[in-house]
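Asker: Position 8, counted from 1, in the sequence shown is what the UniProt record's numbering calls 8; the numbers after and before it change by one each time, with no gaps.
It cannot be assumed that every hint is accurate.
As the list claims (entries may be wrong) - Okay, the calculated beta carbon distance ranges per label pair:
| hint | residue 1 | residue 2 | range |
| --- | --- | --- | --- |
| 1 | 141 | 174 | 30 to 36 Å |
| 2 | 218 | 281 | 39 to 45 Å |
| 3 | 156 | 72 | 48 to 54 Å |
| 4 | 272 | 349 | 16 to 22 Å |
| 5 | 239 | 177 | 33 to 39 Å |
| 6 | 183 | 69 | 43 to 49 Å |
As the list claims (entries may be wrong) - Dumping the calculated DSSO-like pairs for lysine-lysine here, alpha-carbon to alpha-carbon at most 30 Å:
| hint | residue 1 | residue 2 |
| --- | --- | --- |
| 7 | 63 | 49 |
| 8 | 65 | 77 |
| 9 | 36 | 133 |
| 10 | 347 | 289 |
| 11 | 63 | 126 |
| 12 | 244 | 279 |
| 13 | 57 | 205 |
| 14 | 355 | 289 |
| 15 | 247 | 289 |
| 16 | 289 | 279 |
| 17 | 49 | 77 |
| 18 | 49 | 129 |
| 19 | 259 | 279 |
| 20 | 126 | 81 |
Calculated from the structure, these hints are not laboratory results.
Glycine included, C-beta positions come from ideal geometry on N, C-alpha and C.
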Amino acid sequence: MMDTQEIVEKPSETIPANASQKKQETRDEMLSRHRKEIAELQNKEIELKKAAAKGSKAEQKAKKKQVEEQISQLSTKLKEKHAEELASLGYSSSSNGNEKSNLDNLVKAIAGVSITNQPEHSKVSKSAKRRGKRAQQEAEREQRIQEEQSNLVSDRMIEDEKLKGKLEPLGLTVNEIKPDGHCLYRAVEDQLAVLSGDRFENYCKDVESTSVWGGQLELGALTHCLRRPILIYSGSFPDVEMGKEYKTNGGTDSSNGTKLAMDAVTRLVAERPLVIFSKSTCDMCHSIKTLIRGFGANPTVYELDQIPNGQQIERALQQLGCQNVPAVFIGGECVGGDRQVMSLLVKNQLGPLLKRAGAIWVWND
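Please model the complete structure; the sequences and the hints are all you need to start from.
Answerer: Right under this line is the structure:
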């Protein structure tokens, strides 16, 4: 669609002087062209009103006023242009009539009605009514959308203020993550990026070789290494209990069967060079067993879902740090589960370990 400025300033079809006698624009052709230009201006008005319905209420009000002024100016210029062109066909303004009446008469002529002996206030056409109603409905719809978005922004601001109040005392700030469907993982990635392997190594060296004070982190490590609960009493702060999963009753395990199972597991892995605790229904267990046997190793396999004390052994493995099956032991030491085994495979460390456990063929990358 052509711009509104083009609608007003576009001259009527230029006819060369030597061709003016051959073809002259008739009254009907001129009025048809005028109607087309008015329709284009009306369509442009609808577009401008849609654009003005965006933003805050104050912005919408200012834009609406600007659009009305712009359309009023363009409409006046277009009427004057049409008046000049109609005058070239013999239509002339009455000397005793006012300018507004003459312009209204010209509009009626462009609409295709008689401009003589007609009332000043003509009835609006049905198509114009439909266009106006459509433009009004569209503007109202856009305004509702903007109001809903404003409410969402307000709720977001309230949430941000509450979150800020929680984080500031902790010395934390919010780092915006783009909501692209991967934002949860990108948020974790963002936090991991601030961690430094060198800092962690230096920290471990300080704990090991200096008298730096320990804290809750070191207590957590101790409770997992010792597999014993630790309770910290304080006169000013609430007591802190760590290692609840290792808690016992009266210094003995809550289940004698579990203790016996732990002793049995310790004895089994010490007597055999390669042991796999597995379940017959576990697909990953089957994959790990196939992988290890592919190296020519002959592991001793215990299917926990097929032996009588399988549940007790599984609980014992959990207390030994093997949270899931498969649990692979090489040379009496727990290598880990499927992830740890695959990691050793990628690093070309699994073959040498299995060789020491009796594998007859080692896969060299």
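Asker: All hints, please: hold or fail.
Answerer: Consistency of the hints with the structure:
Taking the beta carbon of each, residue 141 and residue 174 are about 34 Å apart, inside 30 to 36 Å as hinted. Between residue 218 and residue 281 the C-beta distance comes to about 40 Å, which sits within the given range of 39 to 45 Å. Checked against the hint of 48 to 54 Å, the pair residue 156 and residue 72 fails, with Cβ atoms roughly 39 Å apart. The hinted window of 16 to 22 Å between residue 272 and residue 349 holds, with their beta carbons roughly 21 Å apart.
One distance hint, 33 to 39 Å for the beta-carbon pair residue 239 and residue 177, holds here, with the actual separation near 37 Å. Remark: the range hint 43 to 49 Å for residue 183 to residue 69 is upheld by a beta-carbon distance near 45 Å. For the hint pairing residue 63 with residue 49, the CA-to-CA distance comes to about 8 Å; that is within 30 Å, so the pair holds. Between residue 65 and residue 77, the direct Cα distance comes to roughly 19 Å. Compliance with the 30 Å bound is thereby established for this hinted pair.
Simply put, residue 36 and residue 133 have alpha-carbon atoms about 20 Å apart, close enough for the 30 Å limit, and the pair holds. Proximity of residue 347 to residue 289 is assessed by CA-CA distance (about 19 Å); at most 30 Å being required, the pair is judged to hold. Taking the CA atoms of residue 63 and residue 126, the gap is about 28 Å. The hint holds against a cut of 30 Å. Note on residue 244 and residue 279: the hinted pairing holds, with a Cα-Cα distance of about 27 Å set against a maximum of 30 Å.
The hinted pair formed by residue 57 and residue 205 fails the criterion: a straight-line CA distance of about 62 Å is larger than 30 Å. Using a Cα cut-off of 30 Å, the hinted pair residue 355 and residue 289 holds, with the two alpha carbons roughly 15 Å apart. For the proposed pair residue 247 and residue 289, the alpha carbon gap of about 34 Å is over 30 Å, so the pair is violated. The straight-line distance between the Cα atoms of residue 289 and residue 279 is roughly 11 Å, inside the 30 Å bound, and the hint therefore holds.
Between residue 49 and residue 77, the direct Cα distance comes to roughly 20 Å. Compliance with the 30 Å bound is thereby established for this hinted pair. Restraint check: the Cα-Cα separation between residue 49 and residue 129 comes to about 16 Å, which is no more than 30 Å; the hinted pair holds. Of the supplied pair hints, the one linking residue 259 and residue 279 holds, its CA atoms being roughly 21 Å apart against a limit of 30 Å. Between residue 126 and residue 81, the direct Cα distance comes to roughly 25 Å. Compliance with the 30 Å bound is thereby established for this hinted pair.
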